[in-house]
Amino acid sequence: NAGVTQTPKFQVLKTGQSMTLQCAQDMNHNSMYWYRQDPGMGLRLIYYSASEGTTDKGEVPNGYNVSRLNKREFSLRLESAAPSQTSVYFCASMLGGGAGETQYFGPGTRLLVL
Amino acid sequence: LAKTTQPISMDSYEGQEVNITCSHNNIATNDYITWYQQFPSQGPRFIIQGYKTKVTNEVASLFIPADRKSSTLSLPRVSLSDTAVYYCLVGDPNNNAGNMLTFGGGTRLMVKP
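Those protein sequence lines, which keep their order, are chains A and B. Reminder that position 24 of the first sequence reads as 24 in the working numbering, one-by-one numbering, no gaps. In short: position in the second sequence from 1, add 1000, done, that's the working numbering.
I should point out that these hints are in silico values taken from the structure, not numbers from a laboratory. Backbone N, C-alpha and C fix where the C-beta goes; we use that ideal spot for every residue, glycine too. Keep in mind that a hint or two might mislead.
Said to hold, decoys possible - Ranges between beta-carbon positions, derived for each pair:
#: 1; chain 1: B; residue 1: Ser1079; chain 2: A; residue 2: Lys14; range: 42 to 48 Å
#: 2; chain 1: A; residue 1: Gly96; chain 2: B; residue 2: Thr1053; range: 20 to 26 Å
#: 3; chain 1: B; residue 1: Asn1025; chain 2: A; residue 2: Pro61; range: 22 to 28 Å
#: 4; chain 1: B; residue 1: Thr1021; chain 2: A; residue 2: Gly63; range: 32 to 38 Å
#: 5; chain 1: B; residue 1: Thr1005; chain 2: A; residue 2: Glu73; range: 32 to 38 Å
#: 6; chain 1: A; residue 1: Glu52; chain 2: B; residue 2: Pro1065; range: 35 to 41 Å
Said to hold, decoys possible - Covered by chain B, according to a simulated footprint, are these stretches of chain A (three or more residues, beta-carbon under 8 Å):
#: 7; region: 43 to 57
#: 8; region: 102 to 113
Let the hints inform the model, and build the full structure from the sequences given.
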């Protein structure tokens, strides 16, 4: 049982390049989330997926797209990377609806946009 | 959006009890209060969760008053390894499904020898 896994662990991009961050969970959770964390700051929600087949915007969705490929996988895509997107990206999953439940986080992807 | 307010930072010494208070005035009836701990270069991890009154586990205690508009995380006898950022989290009261969870800025706890 690996929990939540993220790939890659670290990535350097040039401005304007695109990339997809991958996230997978093996806990049969329904909800999945993408957060970003800038240096010295708290986590901000980018997008979330309450269940397979649904996605919704969080606090800071601009510049990102997501795909809930199946129940296990939730990817985050940067179509045209900008230096402002330099951050650590965390994926998380949770069994269900939030009340009385907890999120499990992956190890993070460190992204540097030059 | 549900908002939480916590102190930005706290200092303590080894062996002391640390209490971190979180304000959440817009908490919804069905929302639970959850605290997470985050070490540098790691994702947050669950510490404790509660709905009302007091909850205790092997790591911490959580005190929630009757109006539920605040909560206090209590760490007994902290050690250097408790140096971390602590986040208080509640569900979004504007989201009936409760799926959208918002982190605040967290409290940076520094434990000194």
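Structure-based check of all given hints:
Hint check: Ser1079/B to Lys14/A, Cβ distance near 44 Å, so the stated range 42 to 48 Å holds. Distance hint check: the CB atoms of Gly96/A and Thr1053/B are about 24 Å apart, consistent with the given range 20 to 26 Å. Remark: the range hint 22 to 28 Å for Asn1025/B to Pro61/A is upheld by a beta-carbon distance near 26 Å. Thr1021/B and Gly63/A have their C-beta atoms about 35 Å apart, which keeps the hinted 32 to 38 Å range intact.
Roughly 35 Å separates the CB atoms of Thr1005/B and Glu73/A, a value that falls within the hinted 32 to 38 Å. Distance hint check: the CB atoms of Glu52/A and Pro1065/B are about 38 Å apart, consistent with the given range 35 to 41 Å. Closer than 8 Å: that is the beta-carbon criterion, and the region 43 to 57 of chain A has 6 residues meeting it against chain B, so the requirement of 3 holds. Counting residues of the region 102 to 113 of chain A whose beta carbon lies closer than 8 Å to any beta carbon of chain B gives 7, which meets the minimum of three for the stated coverage.
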